[in-house]
Amino acid sequence: MNKRLRTWKMALLPDYKHVACWPISIFGACDRRGTLLVLTVVIFLSATTTSRAGTTTNLDLSEVPLEQLLNMDVTILRGHDTLSKIPAAISVVTSDDIRRSGAMSIPEALRQVPGMEVARVDASEWAVSARGFNDVFANKLLVLQDGRTVYSPVFSGVFWDVQGAMMEDIDRIEVIRGPGSTVWGANAVNGVINVISKSAKETQGVLASAGAGTIDEGFINARYGGQIGSNVFYRVYGTYLNHDSFPQPNGRDANNAWRMGRSGFHLDWETTPDDLVTLQGDGYIGTVHQDFTAFNLLSPTLTTEVPTTMDVRGGNVLGRWTHTFTDTSELKAQLYYDRTDRDANIFVERRDTVDLDVQHNFALGERNVITWGFGYRFSGDKIDGSSAVAFDPVSKNLNLFSGFGQDEITLVPDRVKLTLGTKVEHNDFSGWELEPGGRLAWTPNERNTLWTSVSRAVRTPSRSEEGIRLNQVTSSPFGPVVLQITGNPDFQSEKLMAYEAGYRVHPCDKASLDLATFYNVYDDLRSLELGAPAFPSIPATVGNGLYGETYGFEAAATVEVSPWWRLNPTYTLLKMDLHKHRDSTDTISVRQDEGQNPQQQFSLHSAMDLPRNISLDATLRYVDSLPSLKVSSYVTMDARIAWHATRNLEFALVGQDLFTPRHAEFRPTFVQTERSDVPRSFYAKVTWHF
Amino acid sequence: MTFRQMAVLSLNLIIGTAASLPGTAGGQEALPSEYQMKAAYLYNFAKFVEWPVKVLPPGDSELVIGVLGQDPFNGALDSTIENKKIERHPLRVRHFKSPREAKACHILFISGSEKKRWQEISDALAGSSVVTVSENWDRFTEDGGMIYFFMEGRKVCFDINDEAARKAGLKISSKLMLLRKKPAA
Numbered sequence: 001m002n003k004r005l006r007t008w009k010m011a012l013l014p015d016y017k018h019v020a021c022w023p024i025s026i027f028g029a030c031d032r033r034g035t036l037l038v039l040t041v042v043i044f045l046s047a048t049t050t051s052r053a054g055t056t057t058n059l060d061l062s063e064v065p066l067e068q069l070l071n072m073d074v075t076i077l078r079g080h081d082t083l084s085k086i087p088a089a090i091s092v093v094t095s096d097d098i099r100r101s102g103a104m105s106i107p108e109a110l111r112q113v114p115g116m117e118v119a120r121v122d123a124s125e126w127a128v129s130a131r132g133f134n135d136v137f138a139n140k141l142l143v144l145q146d147g148r149t150v151y152s153p154v155f156s157g158v159f160w161d162v163q164g165a166m167m168e169d170i171d172r173i174e175v176i177r178g179p180g181s182t183v184w185g186a187n188a189v190n191g192v193i194n195v196i197s198k199s200a201k202e203t204q205g206v207l208a209s210a211g212a213g214t215i216d217e218g219f220i221n222a223r224y225g226g227q228i229g230s231n232v233f234y235r236v237y238g239t240y241l242n243h244d245s246f247p248q249p250n251g252r253d254a255n256n257a258w259r260m261g262r263s264g265f266h267l268d269w270e271t272t273p274d275d276l277v278t279l280q281g282d283g284y285i286g287t288v289h290q291d292f293t294a295f296n297l298l299s300p301t302l303t304t305e306v307p308t309t310m311d312v313r314g315g316n317v318l319g320r321w322t323h324t325f326t327d328t329s330e331l332k333a334q335l336y337y338d339r340t341d342r343d344a345n346i347f348v349e350r351r352d353t354v355d356l357d358v359q360h361n362f363a364l365g366e367r368n369v370i371t372w373g374f375g376y377r378f379s380g381d382k383i384d385g386s387s388a389v390a391f392d393p394v395s396k397n398l399n400l401f402s403g404f405g406q407d408e409i410t411l412v413p414d415r416v417k418l419t420l421g422t423k424v425e426h427n428d429f430s431g432w433e434l435e436p437g438g439r440l441a442w443t444p445n446e447r448n449t450l451w452t453s454v455s456r457a458v459r460t461p462s463r464s465e466e467g468i469r470l471n472q473v474t475s476s477p478f479g480p481v482v483l484q485i486t487g488n489p490d491f492q493s494e495k496l497m498a499y500e501a502g503y504r505v506h507p508c509d510k511a512s513l514d515l516a517t518f519y520n521v522y523d524d525l526r527s528l529e530l531g532a533p534a535f536p537s538i539p540a541t542v543g544n545g546l547y548g549e550t551y552g553f554e555a556a557a558t559v560e561v562s563p564w565w566r567l568n569p570t571y572t573l574l575k576m577d578l579h580k581h582r583d584s585t586d587t588i589s590v591r592q593d594e595g596q597n598p599q600q601q602f603s604l605h606s607a608m609d610l611p612r613n614i615s616l617d618a619t620l621r622y623v624d625s626l627p628s629l630k631v632s633s634y635v636t637m638d639a640r641i642a643w644h645a646t647r648n649l650e651f652a653l654v655g656q657d658l659f660t661p662r663h664a665e666f667r668p669t670f671v672q673t674e675r676s677d678v679p680r681s682f683y684a685k686v687t688w689h690f
Numbered sequence: 001m002t003f004r005q006m007a008v009l010s011l012n013l014i015i016g017t018a019a020s021l022p023g024t025a026g027g028q029e030a031l032p033s034e035y036q037m038k039a040a041y042l043y044n045f046a047k048f049v050e051w052p053v054k055v056l057p058p059g060d061s062e063l064v065i066g067v068l069g070q071d072p073f074n075g076a077l078d079s080t081i082e083n084k085k086i087e088r089h090p091l092r093v094r095h096f097k098s099p100r101e102a103k104a105c106h107i108l109f110i111s112g113s114e115k116k117r118w119q120e121i122s123d124a125l126a127g128s129s130v131v132t133v134s135e136n137w138d139r140f141t142e143d144g145g146m147i148y149f150f151m152e153g154r155k156v157c158f159d160i161n162d163e164a165a166r167k168a169g170l171k172i173s174s175k176l177m178l179l180r181k182k183p184a185a
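Protein sequences, first through last, are from chains W and X.
Using the working numbering, you'd call the opening residue of the first sequence number 1 and step up by one each time.
Using the working numbering, you'd call the opening residue of the second sequence number 1 and step up by one each time.
Hints are computed from structural coordinates only; laboratory data are not their basis.
C-beta: ideal position from N, C-alpha, C; glycine also.
A portion of the hints provided could be inaccurate.
Stated by the list, open to error - Using 25 Å as the maximum straight-line C-alpha spacing, the simulated BS3-like pairs for lysine-lysine come out as follows:
1) X/84 to X/116
2) X/182 to W/198
3) W/198 to X/155
Unchecked claim - Beta-carbon label-pair distances, calculated as ranges:
4) W/405 to X/100: 32 to 40 Å
5) W/214 to X/74: 23 to 31 Å
6) X/154 to W/287: 27 to 35 Å
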């Protein structure tokens, strides 16, 4: 628990630890949908009544013989202590969850988190968002890997195809749905994801795994962790994956196979008991096949297929110093350099990023914990375009200055905490931005936490919105037309006021329930302002013509059916209600944006530990339809069976997307890559460590 | 599936689960929590360790189990050893903030939160006969700690550094020594 608390701070928790409040006003806000209100209230009531019934087992084990104690099982409930008191919609995917899910990539591991929308677009691309606005170029989710942002200023999103890690060395993935802007700043609008790797101390020795399958054709991972002297620990790792193509909807090969190699190191040096210096770095190199449909004025369809072999390369090195003054005071300073290269036929990007981040927290008197910090980021790029897509200017250096301050105030000791804070930033596109927020947590007893929050977040403009030149060919009643999209240097930040509330209950040691609900009010959302058509082209300029509301809730439960069997059901409801401002000419985006998100999602994960060291996992998943992409709803299942032959050797067989030979999850949007379905797949894996 | 069907399904599921929670598990015995188990172990350690006479004089002197740093037991330690005696020694739980105070106990549970202060703690305890116990700290016994709790699946196990115990003048019963385990690498 203490370990979690400490490392926790490093990640999402510079800020909130224990807080909460009462969700009535939020329920009220949702009552335009009667069903939702009733549903929420009923769930709520059923949870409170049971929580009264559940009492702590008052066991006296002192007279049990020692030998027997050694053979007795204890309850292990996740999300018990610290996590359950955080006043935000937060979920943690542990390394055990990742292993049991059979996930080969970070987005796959995120599928089990309620409120997340995770869809495979094709063999290498993902659409990942939280609480709406999903897209291949989803722009309202901030993603960090060990404190390094992997969010790209090209389109305010993540190139998921080049994000990765040695999955075995991930300690946990923390997910906050809702704004994290008070601490994390611009772009932490609908959520923050923090991928945190294990310390070098926790990864000592050799771990090697390898496998083969129908889609993940062949892969090998290896890591070695060692020690220098008494206070320096390190690890080095390498991974390689050869990934097959996905099929097109008509069954033909989509020609989007890819392969990627990745290697890195992590070094932890405890220079004194109060100082920890971490130095880490990763590099990757890969080849991704992708067929683009590009604009060609000379062709009758106005398009040409451009088979592309994209070369991707990148690397980073990060240093972090953590100094502990006292139990309640810690200083953290971090500096990293990151380089990415993407070389596709239609788009060649090179980017260098340098980022400095300093954070300090301390207790002020008995009741206040202050956290404050500042940061600077430089991001310089050069983007060579083509007739399909280009950027103006070709090269740009971006500077981001930021500072934040937060006070966690104990109003009633152990019961009520209020967290107030704000971030102030200056960026080169929209200038100054202010992102204040407040969170209140009420923990009436160890088993119940109620929380509520109000926060403002902004999504700052990206290179695309400022100066993209994109020719997108779409069909129309008059034949193919070209949407000629032009960026807008006056594009403003998108703004969000978010109202959230949640309830966590732990009615007995065998079950827990986590509910979160939200009402988000957006303004100045991106629109495409259409100009007068000159067939076959329609000019469009990027604008801030949309506004709207989204609301919904997420429920996740953990139930220990028996010591060897655990169930995790989750349910997600999302409603999006977007509108265009009166002066906007955008007749496309409202329906398009609304229709790219599943209204409902449901999943049920079953984890069993069977005799003879066999573990069996299965996850059933339902995702609603995406009307504007013409993607139907689907139900599918992933399953994994693993046998721990010895303490050091594990064999696993994984089947993914089992229910149908193939199904669609998403479709390409702005950049027209080949449409792909997700096929049923299998792989086998051996893991050996000593 | 329509919205309504979906809602009904999830409603049933969640209520179904919630309603079946407290009493459930169909007659299966409630499992102890991790810290109830660890509290029981601490009680047993008190039974199976022999302290030098000057530290624990025979008779009815108190045998003190201390907790240094954040207390994870949530009352389980107090309730386990409440009103208990070992031979004629009444047991007592004390909470310490600084390592210096902690010298005044017989068994010291060091919260994982104190890992960074280990040098200070071990200096403060030098020359004393305190059984140091900790968790979530892979190298605790290598660092000179005496008893280390770790989990093996759902079972709580412990490792013992008998060298450190001997140096502190403590005698650990062979019964404990036989039951110790090494954590998996």
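Comparing the hints with the structure gives:
no.: 1; hint: X/84 to X/116; in the structure: 33 Å, violated
no.: 2; hint: X/182 to W/198; in the structure: 21 Å, holds
no.: 3; hint: W/198 to X/155; in the structure: 23 Å, holds
no.: 4; hint: W/405 to X/100: 32 to 40 Å; in the structure: 35 Å, holds
no.: 5; hint: W/214 to X/74: 23 to 31 Å; in the structure: 49 Å, violated
no.: 6; hint: X/154 to W/287: 27 to 35 Å; in the structure: 45 Å, violated
Going through the hint list in order, the structure does not satisfy hints 1, 5, 6.
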